[in-house]
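Residues 15 to 206, numbered by this note's numbering, are exactly what the sequence shown covers, in order.
To be clear, the hints were calculated from the coordinates, so they are not data collected in a lab.
For every residue, glycine included, the Cβ atom is placed at its ideal position computed from N, Cα and C.
Incorrect hints may have been included.
Calculated pairs, DMTMM-like style, for lysine to aspartate or glutamate (alpha carbon to alpha carbon, straight line, at most 25 Å) [to be verified]:
#: 1; residue 1: K82; residue 2: D54
#: 2; residue 1: K82; residue 2: E170
#: 3; residue 1: K140; residue 2: D108
#: 4; residue 1: K140; residue 2: D46
#: 5; residue 1: K149; residue 2: D57
#: 6; residue 1: K43; residue 2: E136
#: 7; residue 1: K149; residue 2: D50
#: 8; residue 1: K140; residue 2: D79
#: 9; residue 1: K140; residue 2: E103
#: 10; residue 1: K149; residue 2: D54
#: 11; residue 1: K43; residue 2: E66
#: 12; residue 1: K140; residue 2: E170
#: 13; residue 1: K140; residue 2: E167
#: 14; residue 1: K149; residue 2: E66
#: 15; residue 1: K82; residue 2: E132
#: 16; residue 1: K43; residue 2: E100
#: 17; residue 1: K43; residue 2: D57
#: 18; residue 1: K140; residue 2: D57
#: 19; residue 1: K82; residue 2: E47
#: 20; residue 1: K82; residue 2: E143
#: 21; residue 1: K82; residue 2: E164
#: 22; residue 1: K82; residue 2: E136
#: 23; residue 1: K149; residue 2: D67
#: 24; residue 1: K149; residue 2: E100
#: 25; residue 1: K149; residue 2: E132
#: 26; residue 1: K43; residue 2: E103
#: 27; residue 1: K43; residue 2: E143
#: 28; residue 1: K140; residue 2: E164
#: 29; residue 1: K82; residue 2: E38
#: 30; residue 1: K82; residue 2: D108
#: 31; residue 1: K82; residue 2: D46
#: 32; residue 1: K43; residue 2: E167
#: 33; residue 1: K82; residue 2: E167
#: 34; residue 1: K140; residue 2: D153
#: 35; residue 1: K82; residue 2: D57
#: 36; residue 1: K149; residue 2: E167
#: 37; residue 1: K140; residue 2: D50
Taking CB as the label site, the calculated pair distances span [to be verified]:
#: 38; residue 1: D108; residue 2: A134; range: 32 to 40 Å
#: 39; residue 1: V81; residue 2: E143; range: 18 to 26 Å
#: 40; residue 1: D46; residue 2: E170; range: 32 to 40 Å
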Amino acid sequence: MRPLIPLTLVMILISAATVSAASEGGVNKSVDEFADTGIDNVDSPSVFSQVEDFVISVNINESSDAVKIYATTQICVNSGLCYPPEQIEMVTEDNTTWTTTVSPMTDQTYVNWNIILENASENQTKIPETGFGWKVWSDCWNDGTGWGGEGYEGGESCDDVLVSGDPEGTVPTVGIAAVISVFVMAAIIRRH
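Full structure from sequences and hints, please.
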C-alpha cells in the first residue's frame with residue numbers, strides 16, 4: 015500500500031499539469047447566454063497575442079446587483095502545462111463596464127476564463143457554473159498534435175513570435191521540477 019502513495023502523487027501532478035486535448039486546436043470558445051445575470055456581453059480580443067496585454071471586458075445592465083466582478087483566468091503553454099487558475103478582481107469606473115488585463119507569457123497556447131459576479135450580500139454567481147466558459151488561442155500555439163495560429167510561420171516552434179514573457183524560460187521547468195521532486199520524495203520514502 016505504501017509504495018502506491020508516491021505513484022498516486024505523480025499521477026495527480028501529471029494530470030493536473032497537462033493541457034486538455036478535448037477541444038480542437040485554434041478554435042475559440044465563448045459563453046453567449048447570460049439570462050438573468052445582468053450581463054449584457056463579455057468582450058475580449060479574438061487572439062491571445064504573444065506581445066500585447068489581453069483585456070477582458072464585462073458590460074452589465076441596471077438589472078445587475080453585482081458590486082464586484084471577478085475573472086478566474088488560466089494560461090496554458092505549448093509544452094503542455096497549464097498554470098493554476100488565478101482569480102482577479104475586475105475594475106470599473108462607471109459600474110457598467112468592468113475590465114481586467116492578462117499579461118502574455120513566453121510560449122502560451124491559450125487563456126481560458128470564467129466570470130464571477132458578487133452582490134452586496136457576498137453571494138456569488140459563476141458563469142458558467144462549472145469549468146471555463148471562454149478560451150482564446152494564442153497567435154502561435156501547439157495543441158499537442160501540431161502548430162498553428164496567425165503568427166506561426168512553419169517549422170517546429172513559435173520562436174520568431176516569442177518576444178515577451180518569461181526571460182529565464184522557467185515556464186516548462188516548473189512542471190518538470192515538481193515531477194522530479196515527487197520522484198525524489200518517493201525514493202526517500204521507499205528507502206526508509
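Hint-by-hint comparison with the structure:
no.	hint	verdict
1	K82 - D54	16 Å, holds
2	K82 - E170	43 Å, violated
3	K140 - D108	22 Å, holds
4	K140 - D46	14 Å, holds
5	K149 - D57	12 Å, holds
6	K43 - E136	29 Å, violated
7	K149 - D50	23 Å, holds
8	K140 - D79	14 Å, holds
9	K140 - E103	13 Å, holds
10	K149 - D54	19 Å, holds
11	K43 - E66	20 Å, holds
12	K140 - E170	39 Å, violated
13	K140 - E167	38 Å, violated
14	K149 - E66	17 Å, holds
15	K82 - E132	5 Å, holds
16	K43 - E100	19 Å, holds
17	K43 - D57	12 Å, holds
18	K140 - D57	17 Å, holds
19	K82 - E47	20 Å, holds
20	K82 - E143	17 Å, holds
21	K82 - E164	35 Å, violated
22	K82 - E136	9 Å, holds
23	K149 - D67	15 Å, holds
24	K149 - E100	15 Å, holds
25	K149 - E132	22 Å, holds
26	K43 - E103	22 Å, holds
27	K43 - E143	15 Å, holds
28	K140 - E164	32 Å, violated
29	K82 - E38	33 Å, violated
30	K82 - D108	13 Å, holds
31	K82 - D46	21 Å, holds
32	K43 - E167	24 Å, holds
33	K82 - E167	42 Å, violated
34	K140 - D153	28 Å, violated
35	K82 - D57	18 Å, holds
36	K149 - E167	23 Å, holds
37	K140 - D50	12 Å, holds
38	D108 - A134: 32 to 40 Å	18 Å, violated
39	V81 - E143: 18 to 26 Å	20 Å, holds
40	D46 - E170: 32 to 40 Å	36 Å, holds
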